[in-house]
Each structure stands twice: as structure tokens, then as C-alpha cells.
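K.L.:
Combine the two chains into a complex, taking the hints into account.
So the protein sequences, as listed, match chains A and B. Heads up: the first sequence runs through residues 1 to 281, numbered per our numbering. Heads up: the second sequence runs through residues 1 to 330, numbered per our numbering.
In short, the hints are calculated from the structure, not lab data. Take the hints with a grain of salt, since some may be wrong.
[What the hints assert, rightly or not] Distance condition first, Cα-Cα at most 25 Å in a straight line; then the derived DSS-like pairs of lysine-lysine:
# : chain 1 : residue 1 : chain 2 : residue 2
1 : B       : Lys295    : A       : Lys16
2 : B       : Lys90     : B       : Lys295
3 : A       : Lys168    : B       : Lys51
[Stated by the list, open to error] Distance windows between CB atoms, simulated:
#  : chain 1 : residue 1 : chain 2 : residue 2 : range
4  : B       : Asn47     : A       : Arg100    : 15 to 25 Å
5  : B       : Glu180    : A       : Ile53     : 38 to 48 Å
6  : B       : Ser233    : A       : Leu80     : 19 to 29 Å
7  : B       : Asn47     : A       : Trp104    : 21 to 31 Å
8  : A       : Leu50     : B       : Arg44     : 49 to 59 Å
9  : B       : Ser241    : A       : Leu107    : 16 to 26 Å
10 : A       : Asn46     : B       : Val179    : 36 to 46 Å
11 : A       : Leu101    : B       : Phe173    : 38 to 48 Å
12 : B       : Val98     : A       : Thr242    : 21 to 31 Å
13 : A       : Val5      : B       : Thr328    : 31 to 41 Å
14 : A       : Thr242    : B       : Glu180    : 13 to 23 Å
15 : B       : Lys25     : A       : Tyr103    : 52 to 62 Å
16 : A       : Leu50     : B       : Pro296    : 42 to 52 Å
Even glycine gets a Cβ: it sits at the ideal position worked out from N, Cα and C.
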Amino acid sequence: MSNLVKYRIAKSSALKIFTIFLAFVCVVPLIFILLYIIRAGITKINWHFLVNIPKPVGESGGGIANALLGSMIIIGVAALIAIPVGILGGIYLNENKKSRLAYWSRLCVDILQGVPSIVIGIVAYFWLVKPLGGFSALSGSVALAIMMLPIIIRSTEETLKLLPDSLKEAAFALGMPFHRVILKVIVPCGISGILSGVILSVARIAGETAPLLFTAFGNPYISTNITKPMQSLPLLIYNYATSPYNDWLDLAWGASLILLLWVLLLNIITKLTTRRWKVQL
Amino acid sequence: MDAPVEKDMMTRSSEIPMRVINSAKASEVVNTIKRIKRSYRQIRTENVFKKTLVIIGLVMVILVFGILLTLVVESLPSIKALGLKYLWGKTWDPVQDVYGAFPFLLGTLLTSFLALIISIPFSFAVAVFLGEYYPKGWLSDFLKNTVELIAAVPSVIYGFWGLAVLVPIVRSFESKIGVEPVGVGIFSSSLILAVMIIPYAASLGRSMIQMVPSQLKEGAYSLGATRWEVIRSVIFPYTKSGLFAGVLLSLGRALGETMAVTMVIGNTSIIPKSIFAPGNTMASVIANQFTEADKPIYVSALIELGLVLFLVTVIINVIGKKIISRFTNE
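Pulled out of the complex, with its shape left as it was, chain B reads as follows (with noise of 0.2 Å):
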């Protein structure tokens, strides 16, 4: 619609000054069609400045559904040649050109659930804390501070840490306990994990915990209510939906995490026996086997648990964040 009226302007542009040239409002004139043209100018770029803005907010679409699509299309040839069998086969054995995903899923399963077990009563206490007992102040400040830098130091690091210093801690417990003494396995990730993944619940539970309003449990103390009672019979039910949201972000924390998890678990393709056992997860399998698979269907069956993770991972993190978006608009 622009585009003939700015022509217009322009051959008008072009006449004008030959008409009233040498009189005494040329100048002005001059200027009045300069200003003219410079808006259609500004209304151009501003039409291009918005289109922009719609094409960045495709591509975000477009970047997540590329991840999606890309892990499905390359992974194919190991769907199709294996199916439903993928899930449940038992064993791992590239070589022979068996591929059963199993180990992999249970190692997952049983190092993120340890971990979230471990970590969940640190990271309530936190969120009590923080969000009940000591909202304010230096040393609610220092708490705060520190479980954040928790989430900042990379995961690379709490590997090495754990390799150096945890796995012949648990290697020593272990012979006193009597069980094999490995030291590297699906305990020592989980316990690495539950230090990593406890600011995610933490964070999110203190923030909900604040929200909760104060007539409450102001109503809760007026019938004679200890502290303990309004935490546990105010608090937590109000809370409920919020730390149940926060417990899910970490367990998608959990789940996705590889370099710690690699370094510590001992990368052993077989179904790990106890939780002392020495295994692999998801993403610990990919980070170590991929840039060594040499056949396509290996590669393929690789990609495939990327997709598996992607899917679960997704899944869990909309859930999640679907719940905190319904608790803050009530």
C-alpha cells in the first residue's frame, strides 16, 4: 500500500522545485519534502525492524523443532531396524551389532532418582529456611549466595572433584560395607548429581514458599499453631504444586546431566547389579561412544537415545514449568 503513494511523492518531488524555483519558499519546500520522504523512510525500516522481530521469534520455533527433527531423521535407521526392541533389549554390544538400550535407561533412571531422593530434603530445607524462617539478613544472604554458586561451578569440575576426591571415599565405604570396592558407579554419580541438581528445587521452593499470604498463616498462629505446624500444615499444602514443580526441574537437571556423570559412573555397558555397580547413563553412552562409533546403525542407535533424552527431558520441563506459570497467576 506504501509503495505508489511514496512514488507519487517522489515524481511530485521531482516537479516541484521547477515550478517555484527562484522563489523565496524553494528552501522551505525543499525541506518540508525531505522531512516527508525521511518518515516513509522511517516507516520502512520500521516495517522491516518488526518483521524482524516475527522472524526471530520463528526461529526459535523452527531451532526446536530442527532438534527434533534432525534426532528423528538420523536416528531412523536404528528405529527401523530394531524398534520397540530398543528399549528393552539387555544387552550393548556393538561389535556383535546388538544394540538394547536397557542398561542405559535403568542407569539413567536409578542415578537421577538417587540423586533426587539424596537432594530433595537438603533443598526443602533450604527453601523453609530461606522462604519461612530467615527471609532476610546477612546470613540468609550467605545461604542464598552460596547454594546459587552451587549451579554456576561446571559440571566438568564436580567430575574431576569427584574422581579425585569422592570415588576413593566411596571406595573405602564400600569395603566396609562389603561389597566390591570399584568406587566409580552409579553411587558415586548420584551423589555428585545430588550436590548439583539441589539450587534448582531450592530456588524455585523459596520463591513459592514466599508467595504463600500472610492471612493464612497469620489465620493458622490465631488458633495456636506452632511454627512447625503452619510450615506443615499452611505452607507445604499451599506450596504443593510449586515444590512438586521444582522437584520435576531437577530431575530434567539430573536426567540431562553428562560430564560429572561420565567421569564418575565407570562406563560399563552391562545392567548394573546393585547401586554400588559400576554403569553408564544416556548421556554418559553418547559422550563417550559417539566420536568412536564407526558404523551408521551405531551412530544411528546413539542418536536414538539423544532422542529418547530430548523427548523426556522435554516432557518433564514443560510439565514443570506449566505448573510454576499456573501457581504465580493464581
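Excised from the complex, chain A in its bound form (with noise of 0.2 Å):
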């Protein structure tokens, strides 16, 4: 073997190799935050530092419980507003695939998904705070519904391409209108490609914390009140992890751990529920 095909092949496994150290380095930081962040929190959280609100200044102890209702009910207004809509949506894009309004329609969902978190807040600010007349849990949920409708159309749109022309062909063969056709068939054939799709959504607003600054605010006591200020775990964990109290400190560490291990089991559902419907999300 001539001297430059040994070199042409030593090259090769050489830069097969430095791709692979390259390609496994991600992995490094990702391990390091995820142990660094277990290895804080987990000594802060029992059951008193879930069911109490936070101490004030000076005094240790306390919880999160104000941030761990907040947190629920802001996603699930959020969820409620955007579940219908980025269904239909999706549904709408899937049916007109040649429309211009669905061209206009598709492209706004694209820009949509790009728009920077904080932009949306300062929108919601602008839309309901300040015709309202103050902060409130309500219009940082529909922060957090903007952000996830693209999320869902795209997920329900590529669900139902999945699905055969004939499903529906023969439905509409047997005399259904195409409301029934759509809703007692077609959906009901995708579903579990479309709940995967708001699961992903839920974990990607989950964390989400620029659009609640100027909506939903904030609140160091429980409120069920959705007109009202409201706490929300990322929320709380921005505001005490950028405080110099080291009490305040261990509550964020603690809140973070509970925010990962929520985001993170919702994508392994999503994980499990996708891998049966080939969906790229």
C-alpha cells in the first residue's frame, strides 16, 4: 500500500475519531448540570418545603407551595386556551394544504415559533395588564398559550399527514358530514400523535420564565386568583437565585430540581408516546 492511501486512510479514522470525542463533549455540561443540580436541591425538599410559602429575609425554612400552585394553574389556563385552538389549527392546515390564507396561516405558525419569549411578554403586557389595570395570573397564561400554539399545530398537522387519504375517504363514502368525519374519526385515529405534541408543549412552557416577568409577576403568598399577581416556580427561581440570602439561595435550588424533574418526565412521555408515531417534532 502506497504511503498516501495509508495517509488518506489514518486521516480518516483519525477524524472519525476526533468526531466522536467532539460529539460526546455535549454530553459533559449537560451530565455536569443535571448532577450539580440534584446534588443542591435535594437536601432542601421535604414535605415542609412543598406545602409552605417562602419565609421572608432572616428566617430559614419555608417553601414553595405558593410557586407549585401558581405553576399549575397559570399552565393549565395557559393549556386550556391553547389545546382547542392549536387543534383546530392544526386540523385547518392539515385539510387546506393549498389555500392562500393556509399559506399565509402555516407561515405565521413558523414565525410564531421563533419569536423571542420576551417580545410575547411585553405583547401580553400590552394586550391584557394594561387594559386591566394591573398584573395577573390570566395574561401571563396567555403568554404561555401564544407560545405553545405553534407547538401544537405543527405536532397535530404532522400527525394527521400520517394518516391514510382512504380513513377518511371511506368515512365521507359512508354519508358522514365533515365535522364527523374530522372529529368521531380522524382525530380520534391521531390522538395520541396530538396529546404527545401539547405534552411537549406543557414541558417546553413549563420553564419558561421571560413572558411571566411583566404578566404574571409574582407573589409571595398563595393566590388561586387568576386576576391577581400570581407566583410560578421559574419565576421564583429567577428572583431568589439572583438574591444574595443564602435561605432564598436554597429555596431556588430546591424549586430548579422540582422544575427539572417536572420538564424532564414530561418529555420522557412525549419520548414514549412518539416513538410508537414516527412524528418529527
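P.N.:
See the structure below:
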């Protein structure tokens, strides 16, 4: 074998090893972060931590009950707004592939997916906070719902695209009206794909802080009134992580671990449901 | 068109039973009429449903234009008062009513491009590994899922970790190389951002590389090319535009990323002197100062930043998506 061929083969394997090395270096920071958060957070979490509200500066202890409850309410309301609109939007895009409105609508969904979350926060501030005269959980929910929409629409559209046309044609041939074909045949057939899109969208927004800064604002007490400011997990982490008090930092570490576990859990559920559906999300 | 026919049906339905009353066929006729009425009701529901779908489609368009309109209207006072000077003004001093966005534009560009340069080798390595070297198997499953998890971790957690772990490391690194050891700043934000944007270019690059037709690769192998030569002279040229789109989408992410950057960039409104100096990005300024802004012009200047951010990310994303859809349709 000539030297040149040897050199080429050696270069090829050297670059292969280098690529593999680089690819696995990516994993290192994530593992670092996960381990660090788990180590810092695990000692802070106990029953007391989950059912109490934060103590004022200087007193140790306290919990994050207000943030947990607030997060659930804000995300729940956001999901109530985004799920029906998102699924119907996905159906619309799948049923009208050629029309001009569908083209613009698809483009706008793409744009919406790329809009920075802080911009959505500003817009929600002017749409809801200013007219209603104060920060409210509802405005936070609307901001998060706007962020959920593109993900739900996209995954619904992609799932429905995979269903065979014969399914729809068979239903029409039986004389079913359009809405029944969609709601009783098409959507139930694709329900697991649609659901995984919904779960993924919840996972994406569960950790969003920027849109809540000017909308839900935060609240040191337990609140269930969606027209008033409300605390949420990411907001609590942001506020306490940047504070100089050790007690508050401890709270933030515990809250980080809980947020992380919750987001990872949602992602794993999505993974398991999309495995059966070869949907690209 | 439906309405008169339907009305006709209804009047007839009230007449018919009277005429055929007591007849043996009465119940059958009534049933037929009921069925016809039901199908008219269904046609009506069908129309309502179709209209709802169109309205939802419209809502998407209205939403995006509403966002644009709101940003433009709310930033009008600042656009009118400051004009184009706003973009090139070098000082940002709300107390003196001087608003120049240049430090933030520079901060945004510096952090984003630095992050992009750091992350590209890694995300391309992941793309090549998953797309070409090991498309299947537990190892590639592991890498694929882990890289996707990077995108799943909330940005506020990256910021917190950066503040607690990365900033001290950067600080000691800075004191070693002889710059002012601040820790927080452009460099720390870029590092965090680089980690956060790896998955976007990587997952897009992977699917693009997997789409390279095997005849092309086999042709190159049959001419005696090594694995690397195939990657460099067949796969990269073929997927060039797709890889570029992935980089664009990563850039879009980096430009708009708020929380992680806000927490580690240091928040000073002066022009950063080096990449180790603290600074501010457009998103972090908004996050920090929006609730404090007390004067209308101050608020409006901040929203103009949001408008610039919105326009830039929209343009980047639309170009990226167009490239992808052209690539996948070919």
C-alpha cells in the first residue's frame, strides 16, 4: 500500500475519532448541570418544603407551595386556551393544503415559533395587563398559550398528515358530514400523536420565565385568583437565584430540582408516545 | 341557499302529518321527515365547523400581525423622538433621557456569534455522528436523547447554574490570563448560550445528512474515497444549505434567549470593551428594566428594542424555514 493511501486512511480514522470525541463532549455540560442541580436541590426537598410558602429574609425554612400552585394554575389556564385552538389550527392546515390563507397561516405559525419569549411577554403586557389595570395570572397564561400554539399546531398537522387518505374517504363514503369525519374518525386515530404534541408544548412552557416577568409578576403568598399576580416556579427561581440571601438561594435550588424533574418527566412521556408515531416534532 | 329549502321542508313537515293522520304509514313519514331535518342540521353544523377552522387559520395571521402592530404602535413615541439615531447612539442613560441602543445591539451580536462559533463544531460533530457514522444502535440513541434533553432544560436553570458554577470558573480563568476578573459578562453568557443552542443545529443537520442519497455515497466509495473524503466531498456539499439553515435557526434562538443571559451577563449599559467585560443584550435589557421604566419614552425605547429583536428573529427564522422546505422538497 502506498504511503498516500495509508495517510488517507489514517486521516479518515483520526477525523472519525475526533468527531466522536466532539459529539460526546456535548453530553458533559448537561450531565454536569443535572448532577449539580440534583446534589444542590435534593437536600432541600421535604414535605415542609412543598406545603409552605417562602419565609421572609432572615428566617430559615419555608417552602414553595405558592409557586407550585401558581405554576399549575397558570399552565392549566394556558393549556385550556391553547389546546382547542391549536388542535383546530392543525386540522385547518392539514385540510387546506393549497389555499392562500393556509399558506399565510402556516408562515405565521413558523414565525410564532421563532418569536423570542420576552417579546411575547411585552405584547401580553399591552394586550392584557394594561387594559385590565394590573399584573394578573391570566395575562401570563395568555402569553404562555401563544407560545404553546405553534407546537400543538405543528404536531397535530404532522400527525394527521401521516393518516391514510382512505380512512377519510371511507368515512365520507358512509355519508358522514365533514365535522363528524374529523372529530369522530380522524382525530381519534391520531390522538396519541396530538397528545404527545400537547405534552411537549407544556414541557416547553413549564420553564418559561421571560413571558411571566411582566404578566404574572410573582406573589409571595398563595393566590388562586387568576386576575391577580401569581407566583410560578421559574419566576421564583429567577427572583431568589439572583438574591444575595443564602436561605433564598436554598429555596431556589430546591425549586430548580422540582422544575427540572417535572420538565424531564414530561419530555420522557413525549418520547414514549412519539416512539410509536414517527412524528418529527 | 339552504335557508328557503329548509323553510319549505319545515312547513311541509307540519302539513303532512295532518293529511295522513291515522294512516298506517304516518310514523314512517314522520321518521323520514325527522331524518331529513337531522341531515339539514348536520349540514349547518358542518358549515359552522368549516367556518371555525377558517377563523382559526385567520387568528394565526392576526396574532402575528397583532404582535407586530402592538410593538410598532407602542414604540412610535421613541421612533418619532429619537429616529435612526437610536440605533447608533452609544449611551443609554434613562435618567438624562438619552437612549442609544448600540451597546445592546453590540452585546447581542457578540454573545450570539461567539456562542455560534463555539457551538458549531460540536453540533456538526453530533450531526455527522448520528447521521453518518452511527445512525442506529444504543449509543446513538443515548446521544440523540441527551442532546434533545439539552433543549428541554429551562433557561432559568441554565442561568442559575451559570451564576453558581460557571461564573466562578470564568473568574479564575480571567485572573489567570490577566484581565479584570469579573466572572459575569459576554464570555460567560456565550458559553451558556453555546451549550443551549447545540441541539437546534444538531438535530436539523442529522436529518439532512440522513437524506443524502446512498447512490452518491456509494459512487464516491467505489472511486476509492475514504469515509472522511465521502463526508467532506459528498455529504457536506450536498447538505450545505440544510446545515446553514440549522445554523440560522440556532442563531435565532441565541438572539432571543433571555433568562440565562440576563442572569450571567452583568447588566451594564456601557459598550463592552472586550469579550470578558460585562454588558447587556437587547433581551436582557428588556427583562431588567421594563418593570422599572417610569417614563413613557423610556418604556417606548425598550419596546423599540423588542421590535428590532422581533424583526431580526422573524427574518432569520423565515429564511431558515424556507431553506429547509426547499431542501426537503427536492
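K.L.:
Each hint should be assessed against the structure and marked as holding or not.
P.N.:
For each hint, the structure was consulted:
Note on B/Lys295 and A/Lys16: the hinted pairing is violated, with a Cα-Cα distance of about 58 Å set against a maximum of 25 Å. Restraint check for B/Lys90 and B/Lys295: satisfied, since their Cα atoms lie roughly 20 Å apart, inside the 25 Å limit. Pair hint A/Lys168 plus B/Lys51 holds up; C-alpha atoms about 20 Å apart against a cutoff of 25 Å. Between B/Asn47 and A/Arg100 the Cβ separation comes to about 21 Å, which falls inside the hinted range of 15 to 25 Å.
The hinted window of 38 to 48 Å between B/Glu180 and A/Ile53 holds, with their beta carbons roughly 41 Å apart. Checked against the hint of 19 to 29 Å, the pair B/Ser233 and A/Leu80 fails, with Cβ atoms roughly 54 Å apart. At roughly 23 Å, the beta-carbon separation of B/Asn47 and A/Trp104 lies within the given 21 to 31 Å, and the hint holds. The hint said 49 to 59 Å for the Cβ distance between A/Leu50 and B/Arg44, and at roughly 51 Å that hint holds.
Separation of B/Ser241 from A/Leu107 is about 19 Å and conforms to the stated range, judged on CB atoms against 16 to 26 Å. A hinted range of 36 to 46 Å for the beta carbons of A/Asn46 and B/Val179 is consistent with their spacing of about 43 Å. As the Cβ distance of A/Leu101 to B/Phe173 is approximately 54 Å, the hint placing it in 38 to 48 Å is violated. As the Cβ distance of B/Val98 to A/Thr242 is approximately 27 Å, the hint placing it in 21 to 31 Å holds.
As the Cβ distance of A/Val5 to B/Thr328 is approximately 37 Å, the hint placing it in 31 to 41 Å holds. Under the hint 13 to 23 Å, the C-beta atoms of A/Thr242 and B/Glu180, about 22 Å apart, fit the expected range. Separation of B/Lys25 from A/Tyr103 is about 54 Å and conforms to the stated range, judged on CB atoms against 52 to 62 Å. For A/Leu50 and B/Pro296, the hinted distance range of 42 to 52 Å is satisfied, since their beta carbons lie about 43 Å from each other.
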